[in-house]
Structure formats: C-alpha cells, structure tokens
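S.K.: Listed below are the residues making up each chain.
There are 2 protein chains.
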Amino acid sequence: MHDILGGTAPSGRVVSGIKASTSPQINGLPFSKKKGGVFPISGGVPLAIAGLNGATTNNGNSLPFVSAGQLPQGATLQKLIFGAITVIDDELTLEHELGSSIIGKAQGFYLASTLDGSSQTMAFTALFGEHVEDTISFFGVHRTAAHESQVAVVGGNGKYENAQGHATIETLHLTDQHTTDGVETLLQISVYLTDH
Amino acid sequence: MHDILGGTAPSGRVVSGIKASTSPQINGLPFSKKKGGVFPISGGVPLAIAGLNGATTNNGNSLPFVSAGQLPQGATLQKLIFGAITVIDDELTLEHELGSSIIGKAQGFYLASTLDGSSQTMAFTALFGEHVEDTISFFGVHRTAAHESQVAVVGGNGKYENAQGHATIETLHLTDQHTTDGVETLLQISVYLTDH
Chain P
3 MHDILGGTAP SGRVVSGIKA STSPQINGLP FSKKKGGVFP ISGGVPLAIA
53 GLNGATTNNG NSLPFVSAGQ LPQGATLQKL IFGAITVIDD ELTLEHELGS
103 SIIGKAQGFY LASTLDGSSQ TMAFTALFGE HVEDTISFFG VHRTAAHESQ
153 VAVVGGNGKY ENAQGHATIE TLHLTDQHTT DGVETLLQIS VYLTDH
Chain Y
3 MHDILGGTAP SGRVVSGIKA STSPQINGLP FSKKKGGVFP ISGGVPLAIA
53 GLNGATTNNG NSLPFVSAGQ LPQGATLQKL IFGAITVIDD ELTLEHELGS
103 SIIGKAQGFY LASTLDGSSQ TMAFTALFGE HVEDTISFFG VHRTAAHESQ
153 VAVVGGNGKY ENAQGHATIE TLHLTDQHTT DGVETLLQIS VYLTDH
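Chains as they are written, first to last, in the working numbering: chain P, 3 to 198; chain Y, 3 to 198.
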C-alpha cells in the first residue's frame with residue numbers, strides 16, 4: 003500500500019486535525035503548498051524547510067504547513083499530530099515498487115490516535131477485481147512504532163463476502179524515493195482470512 | 003435513505019475537507035449559509051451561485067460555500083472534494099418518498115475517498131425499532147458512479163446481533179425535489195443477511 007502525502011500526485015489528504023499556528027497568513031487553513039520543490043525526501047535526509055515559510059497558496063493537495071519541519075527520517079506527518087485525519091485512495095501493488103502491477107486500491111481513512119503519535123486508527127476497504135466487486139474491509143490500530151501490528155478484518159464483499167480474520171501491517175523502509183515527489187509511506191499488508 | 007445537505011432541515015453535515023478558497027471573509031471556515039434560498043436544485047439545472055458571494059454567516063448546516071456552483075445534475079458535493087467528511091443522521095423510509103413511513107435512521111458518516119470523486123467510504127449504523135434497539139452497522143466503499151455497489155455488514159445489535167452479510171446501495175434518481183429545500187440524495191439500500 004502506497005500512501006503518498008503531498009507532491010503532485012498525492013493519494014492521501016490530511017483533512018482535519020492540523021492545528022493552525024505560527025503563521026498569520028495561514029488563517030486556520032489546514033493545507034499549504036510550497037512554491038517550488040522540496041519533496042521528495044531523498045536519501046533520508048530530514049527536510050530543510052526554511053524556504054517554506056513564505057508559502058501560503060492552498061491547493062489542499064500538499065503537506066500541512068505547520069509540521070513539515072518536524073518530520074523525522076522516514077516519518078509521516080500522521081505520526082506527529084494526535085487527531086489528524088487522513089483520507090486515502092492508495093494504490094495496492096504486487097511488488098514493493100510504486101509503479102509495479104496495481105492489484106487494487108485501499109480507500110478509507112486513518113487518524114493519529116495516540117498523543118505520542120505512535121499509533122494510527124485505520125479504517126479502510128481494499129478493492130480488487132476488474133469491477134472492484136471484491137472487497138475486504140479493515141479496522142484497527144496500526145502501531146507505527148512497532149515492526150508489525152495487526153488490524154481486524156471486519157467484512158467483505160464479492161468473493162470475500164463475510165470475510166473474517168486479520169491483517170498484519172508492516173511499514174517498510176523505502177530504498178527508492180524517486181518515484182514520487184510526495185512523501186511516500188510503504189505499508190506491506192498481509193491478510194489472513196479464516197475459513198468458516 | 004434520504005441524505006439531505008443544506009436547506010432548513012439538513013440530515014447531513016459536511017464537517018471537514020472543504021477546500022478554503024476565494025473569499026477572504028471566509029478565513030478557512032468550511033461552511034457558509036446563503037441568505038435567501040437557492041436550493042433545491044430544481045429540474046437538474048446547475049445552481050447559479052453568483053448571489054452566494056456575500057454570504058458569510060456560518061451555522062454549519064448549509065452547503066459549503068466553495069463548490070455549490072460546481073454541482074452537476076443530481077450530484078452531491080461529496081463527489082467533488084476528495085477527503086470531505088459528512089456526518090449523517092438520515093431518515094430511512096419504507097417508500098422512496100421523503101415523508102413516507104419512517105422505519106429508522108442511518109447515523110454515521112461518509113467521506114469522499116477517490117481523487118475523482120467517484121467513491122465514498124461509508125461507515126454508518128441503521129437503527130430500527132421503537133427503542134432503536136435493533137441495529138445493523140455497515141462499512142465499505144460506495145461507488146457513486148456505478149449503478150449499484152456493495153458495502154459489508156460489520157455487525158449488529160438486538161435482533162440483528164452478530165449480523166453478517168452485505169448491502170447493495172443504489173443511488174436513485176429523484177423525481178420530486180420539492181419535499182426539501184436542501185439537496186437530497188436518495189439511496190436505496192437492500193440488506194442481505196447471512197444465516198449462521
């Protein structure tokens with residue numbers, strides 16, 4: 003699952019929970035876009051954001067203004083801001099590379115659900131099939147600080163009707179950040195369905 | 003299921019994800035109310051919203067300011083804005099007409115979960131019975147562009163305890179838009195529960 007925030011082709015959008023802040027130009031607007039290009043994070047070097055301060059255009063597709071500078075290596079904003087809600091329309095690919103065979107989409111949302119930013123409550127549906135008629139829905143807490151954590155399968159449609167089971171979610175370290183100009187988080191999702 | 007946005011008796015409220023915009027008076031507040039009445043959309047003619055520009059009161063019950071003018075025939079705002087979250091308290095009626103016998107309520111939320119606005123992730127509970135003791139909860143992706151799509155039944159209470167199955171959701175074309183001064187979307191929901 004490729005979750006891309008910011009850049010020219012984001013698959014996730016932070017829609018709530020970003021506290022407006024320091025810059026009077028922002029006026030409570032949750033989004034801002036830098037003019038020019040700082041992203042992607044390349045080579046794992048934390049972003050320099052001095053240049054961001056003048057940016058107040060608002061296209062809703064880029065990273066929230068306030069916290070970009072607090073991004074640790076490989077982190078997403080959602081780790082940091084308790085309560086932030088991110089809506090996702092992420093690609094599911096067979097291999098790890100963004101751009102490899104797309105097998106489906108993951109649509110839903112996650113929200114930062116611990117004060118220390120170490121957990122995300124996730125609720126999303128994976129859609130498969132030519133007519134996206136086969137779906138599996140997930141709900142649970144993804145502990146982003148853990149190597150691996152589990153969410154529950156709460157239902158499904160099509161050939162996954164009444165699906166039960168769980169999925170493990172693992173945040174992978176990205177070796178290639180050049181395929182998007184946003185900030186990509188790559189999640190490996192392994193689904194275990196129960197016979198019943 | 004009658005989902006009514008805007009007007010004097012809305013059953014849904016957009017709470018997040020509206021892009022702030024053109025009017026400096028708005029200052030990022032997602033809601034605005036027109037003084038007077040433009041709604042309902044009648045005869046499928048796109049709204050003229052020139053008159054909306056002076057309206058900056060914010061009661062949270064009316065349609066978001068920015069995009070009302072972009073509404074195509076029969077569309078809701080949620081088709082248009084990736085990430086918009088709408089909380090609902092919609093009436094469930096036996097027949098299609100708003101005002102026909104109410105059999106329950108649908109409470110929960112949906113969010114625009116594709117970049118092109120063609121899908122909504124829905125999470126809601128249908129409440130039935132004199133004391134709303136019988137409930138069925140649904141979660142999944144409603145593909146608004148499709149004739150019909152499915153969401154999963156993820157649980158229930160009362161006589162629907164441990165409910166499993168799915169529901170099909172079909173967006174019906176409204177022939178009578180005069181029963182509300184909001185923008186109504188009528189969804190026909192057919193529930194298929196599994197014996198187990």
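Certain hints may be false.
As the list claims (entries may be wrong) - Some, not all, of what chain P presents toward chain Y, calculated at C-beta under 10 Å:
(1) 11
(2) 17
(3) 134
(4) 135
(5) 162
(6) 166
Said to hold, decoys possible - Sample of chain P residues lacking proximity to chain Y, with all beta carbon distances greater than 10 Å (derived):
(7) 9
(8) 96
(9) 100
(10) 105
(11) 120
(12) 125
(13) 127
(14) 143
(15) 157
(16) 158
(17) 159
(18) 174
(19) 191
Hints in this document: simulated from the structure, not taken from any laboratory.
Note that the coordinates shown come from a computational prediction; the quantities given were computed from them, not determined experimentally.
Positions of the beta carbon are idealized from the N, C-alpha and C atoms, including for glycine.
S.K.: Against this structure, judge whether each hint is valid.
M.R.: Hints and how they fare:
1. Checking residue 11 of chain P against chain Y by beta carbon gives a least distance of about 9 Å; that is within 10 Å, so the hint holds.
2. Interface restraint check for residue 17 of chain P: the shortest CB-CB distance to chain Y comes to about 4 Å, inside 10 Å, so the restraint holds.
3. For residue 134 of chain P, the interface hint holds, since its Cβ comes within 10 Å of a Cβ in chain Y; the closest pair sits about 7 Å apart.
4. Hint status for residue 135 of chain P: holds, given a least beta-carbon distance of 7 Å to chain Y, under 10 Å.
5. With a least beta-carbon distance of about 9 Å to chain Y, the hint placing residue 162 of chain P at the interface is held under the 10 Å criterion.
6. The interface hint given for residue 166 of chain P holds, since its Cβ lies 9 Å from the closest Cβ of chain Y, which is under the 10 Å cut-off.
7. The non-interface label for residue 9 of chain P is consistent with chain Y: the shortest C-beta to C-beta separation is roughly 13 Å, beyond 10 Å.
8. Distance to chain Y confirms residue 96 of chain P as a non-interface residue, since its nearest Cβ pair spans about 21 Å, more than 10 Å.
9. The non-interface label for residue 100 of chain P is consistent with chain Y: the shortest C-beta to C-beta separation is roughly 16 Å, beyond 10 Å.
10. Against chain Y, the non-interface label of residue 105 of chain P holds: every CB pair exceeds 10 Å, the least being about 16 Å.
11. Distance to chain Y confirms residue 120 of chain P as a non-interface residue, since its nearest Cβ pair spans about 24 Å, more than 10 Å.
12. Distance check for residue 125 of chain P against chain Y: the nearest CB is about 7 Å away, which does not clear 10 Å, and the non-interface claim fails.
13. With 10 Å as the threshold on Cβ separation, the claim that residue 127 of chain P sits away from chain Y is violated: the shortest Cβ distance comes to roughly 5 Å.
14. The Cβ of residue 143 of chain P sits about 16 Å from the closest Cβ of chain Y, beyond the 10 Å cut-off, so the non-interface label holds.
15. The claim that residue 157 of chain P lies off the interface is violated: its Cβ sits roughly 3 Å from the closest Cβ of chain Y, which falls inside the 10 Å cut-off.
16. For residue 158 of chain P, the non-interface assignment is contradicted: its Cβ lies about 6 Å from the closest Cβ of chain Y, within the 10 Å cut-off.
17. Some Cβ of chain Y comes within 10 Å of the Cβ of residue 159 of chain P; the nearest lies about 4 Å off, and the non-interface call is violated.
18. Against the 10 Å criterion, residue 174 of chain P stays outside the reach of chain Y, whose nearest CB is about 23 Å from its own CB.
19. For residue 191 of chain P, the shortest C-beta to C-beta distance to chain Y comes to about 16 Å, beyond the 10 Å cut-off, and the non-interface label holds.
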